[in-house]
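Got chain A; can you put chain B on it based on the hints?
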Amino acid sequence: MARYQKYSDADFARFEAPASAYHQNAARKLAPSPEQTSRPPMRLVERKKKTAAQARREMKIGARQAAKILAVSVFLLSMFAVLLYGRLRVDELSREVDAATVQLQEAQDANTRLNMQLDSEFSLERVEAYARDVLGMTKAEGYQIEHIDLSGEDAVVVSGDKTLSESSEDSFVGRVLEYLKSK
Amino acid sequence: MQTRPSKQTAHRATVALVLLSLGFVYCIGAMVNAALVHGEENRLKAEQNQLSDTQIAAERGTIYDSNMKVLAKSASAWLVYVNPSQVKDDDQKELIVRGLVDILGVDEEGVRNKLSKTETGYQKIAGEIETDVKESLEAYMTEHKDAKLSQVIGIDPDTKRYYPYSSFASTIIGFTNADDEGVGGVEMQYNDDLTGVSGRIITAKNARQGAMGSSYETTYDAQAGESLVLTIDEVIQYYLEQSLEQAITDTGAKYAYGIVMDTDTGAILGMTSKPDFDLNNPREISNKTKAEEIAAMTDPNQRATETSNALYSQWRNRTISDTYEPGSVFKTVVVSAALEEGVVDLDTTYTCTGSIRVADRVQHCWKAGGHGTETLTEGLMNSCNPFFITIGQSMGQEMFYKYFEAFGFTEKTGIDLPAEANPVAGKTYHALEDMGITELSSSSFGQTFQVSPIQMITAVNTIANGGKLMQPYVVDSKLDGDGNVVYKTTPTVKRQVISEKTADTVANMMEQVVSIGTGKNAYVAGFHVAGKTGTSEKIGTDGAYIASFAGFAPADDPQISILIAIDEPVGEHGGGAVAAPIAGELLEKILTYLNVEPQYEDDEISNISSVAPSLVTMSVSEAKTTAAKFQLKVVGNGDTVVSQIPAAGQQMRTGGVIVVYTEENTPREMGTVPDLSNMTMSQANSAAVSAGFNIRIAGNAHSGEVLSYKQSLDAGSEAELGSVITVYFKSNVDVEDG
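Keeping their order, the protein sequence lines are chains A and B.
According to numbering that gives the first Met the number 0, the first sequence is numbered sequentially starting from 0.
According to numbering that gives the first Met the number 0, the second sequence is numbered sequentially starting from 0.
With the rest of the complex left out, here is chain A (with noise of 0.2 Å):
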């Protein structure tokens, strides 16, 4: 109450133009006081009354303004909450990707070392050693390589008792049935 008391006490009129100063202006001489300029009278409009199917048609216009705004909001969030799940996927993806790829970097460096290591225990140094010492082979003479003679044209060789019949195989009949067999 004492703040009360003690705003109620306060001068505000200080703050005030004091009412002869207002007067002395000279501005103020030459300009209508407040008091003299005119105001047109305020005009009173009486509110229209609704009628029911008015107020029902606005309330629907309402309520339809009210579905799109939720519709919109509901369509800006769902499209925030996707590109936050698709942002998550990718950086959810790109840590798979970049273990994927050190799997796979690892997978090809035990790769290369065991293939490595596969060349070696096949050089050419071992495998004749196995062979001969092991194995008791001897290297291929020439007398067991068997020279064919590839210089004629190629040649089909029907096997068994099947034999082409020359008219078929020559006639135009027989090279669509043996083009549709082919196919």
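Incorrect hints may have been included.
What the hints assert, rightly or not - Taking lysine to aspartate or glutamate and the DMTMM-like style, the derived pairs with C-alpha atoms no more than 20 Å apart in a straight line are:
| id | chain 1 | residue 1 | chain 2 | residue 2 |
| --- | --- | --- | --- | --- |
| 1 | A | Lys138 | B | Glu93 |
| 2 | B | Lys133 | A | Glu105 |
| 3 | B | Lys113 | B | Glu127 |
| 4 | A | Lys138 | B | Glu596 |
| 5 | B | Lys500 | B | Asp556 |
| 6 | B | Lys588 | B | Asp555 |
| 7 | B | Lys68 | A | Asp90 |
| 8 | B | Lys588 | A | Glu124 |
| 9 | B | Lys426 | B | Asp415 |
| 10 | B | Lys68 | A | Glu124 |
| 11 | B | Lys204 | A | Asp90 |
| 12 | B | Lys147 | B | Glu93 |
| 13 | B | Lys68 | A | Asp132 |
| 14 | B | Lys709 | A | Glu105 |
| 15 | B | Lys709 | A | Glu127 |
Calculated from the structure, these hints are not laboratory results.
Here is chain B on its own, set in the frame of chain A:
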């Protein structure tokens, strides 16, 4: 109504304006200083603070042989280091030592020494650690989690270079150092191509210096190095290395080196310098005796020096870095030049009395009594020194030097390998202006100057290749990371040194050298081999020789050129006795591998004699009739032959043993292989047949005075009766040369 500011206000405003202006100028100056004067430096500092830059090592290219067999390949590995400044106490130190020694197999004393350097923060323990070993170490660190070993032991990415065939082609391939840079061989020559371009991962850092996630990350992929496809053929290289290793064992030589070249292109198919080293442990001395000698040295300085010398010696590719006096092999060059210039022709004769006077000195022929009157071809076959001194003198210094230069002896061959010996006029060979009659005469039979083995084979290959001097090379093509060919070496003809006609003439003469001359131990039945032997005394080492053979085959359509040099053989040291048999054996293997069909002459067919007939499914009586000219030994009580040894079609001599089995599952008849060395062909055959075996003749089989020196089955070993033993023969008569 406007009023002027008071003087005091104006003064204050002026001061404020000046201060503001100064501040503004200072700011502009600071900006200029930061952006322009120290712009680059500040940019780097900012990047360091804001960005994390991780280097991705580029995978070093692979090295393949000509059949696309991998000779060298890189893979990721790990490097283990310690931070000695973080060692807490002795218990922790002991755990670290135990773990590193047991898992990595490193030297305990070395680890303790490194851990004692507590003022340092990084001491490498071992590199090229494979993933399984690294995982064992990580498991050990996890097991002793309380000891906080991870604060001291660190693991960094590293790369490891694998050489699957250890010492195979080691002097050609070379190896890499700890920084993955090539040291020697193609690894060094093509280091820039093999290395590739490192990649980078640039990541933005937050205020706490942590990574800001993948969206703030930019990756520049590493560009893998190019792979190299060598001209080296794995099989030819293997034959070459096998032969030279055997040569060192047989002759007690200090070194042996050899080159096999593709005649038409100059591509190197095989090249080796023995003894060599294990590419996976290049810093280990391969010569066990030398390593023991060094280990026994007490003076650390001497030990370090000797170790260094031994390593450089084993890394040295002597076929391109060493020089030697070519000796009589060089006579092929002299005779080519003389024929080309018309100084001599095939009808030219010379009478060798065993010596010739050159200025105030008498030069002796290697044959004391002389060769008598001989034609040009006979002069080359006999490797007659006085004849070639005379030819050289007839040519004169200028003509001699012209061909010496044209055959490529005054320049490097340009082979794509590092450390090729550089010929120096006045030092390694006689400059034209310094060449007197004495120098000309001695040079005419291959003495008093030096060439590298690669120069010599390139010159001999010129004769094989119709007079065209080729530039030798070892890299056939370069492949990118996807295996596409990005570069293919085109064979380079440096010049036409002699005409094709002269080259053919000399090739025929060289074939005679191998057929009935000093090179007859390089003779291979069915293949026409051309060549020339050489024996040269090593300068500065008394009683030390280099025995060599250079040639090509088949003489009528050369496909490969070959040079074999045996450095400091013990005992026999002539090129015809020491190097020619090795060349002959090697040529037979290589030509067979290259599917060059043998074409036997009548006298050669008589040595091949017979082939084993097919007796399987025959009755015993039929088999006896069919194999009437052989000794048939029947094993079992059956009536029909179910198997035989030797197999049908195998070469054997008439009168040889054929063992036939008449029952399945009969135990094989075994016998002890006899010692067939130092025998004539008939003696060896008799000894083999008596013991129940057969022989196949290899090597020099057409000279009457040949003796056996090697057999395919070891004497004293057990083998199936009827087996064919390949026996190698060589002649020790008239195979000496100058």
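20 Å Cα cutoff - pair B/Lys709, A/Glu105: violated, 50 Å
Given pair status - A/Glu124, B/Lys68, alpha carbons within 20 Å: holds, 15 Å
Pairwise hint evaluation, B/Glu127 against B/Lys113, where the allowed Cα distance is 20 Å at most: holds, 19 Å
20 Å Cα cutoff - pair B/Lys68, A/Asp90: Distance ~42 Å between B/Lys68 and A/Asp90 Cα, so the pair is violated.
Pair hint outcome, B/Lys68 versus A/Asp132 [Cα-Cα no greater than 20 Å]: violated, 25 Å
Pair hint outcome, B/Lys426 versus B/Asp415 [Cα-Cα no greater than 20 Å]: violated, 24 Å
Pair hint B/Lys133 and A/Glu105, alpha-carbon separation not exceeding 20 Å: holds, 12 Å
20 Å Cα cutoff - pair B/Lys147, B/Glu93: holds, 13 Å
Hint consistency between B/Lys588 and A/Glu124 [alpha-carbon to alpha-carbon, up to 20 Å]: At roughly 15 Å apart (the allowed maximum being 20 Å), A/Glu124 and B/Lys588 satisfy the hint.
Pairwise hint evaluation, A/Glu127 against B/Lys709, where the allowed Cα distance is 20 Å at most: holds, 19 Å
Proposed proximity, B/Asp556 with B/Lys500 (alpha carbon, max 20 Å): holds, 14 Å
Straight-line alpha-carbon gap B/Lys204 to A/Asp90, limit 20 Å: Status holds; Cα separation ~17 Å.
Consistency note: the structure conflicts with the earlier hints numbered 1, 7, 9, 13, 14.
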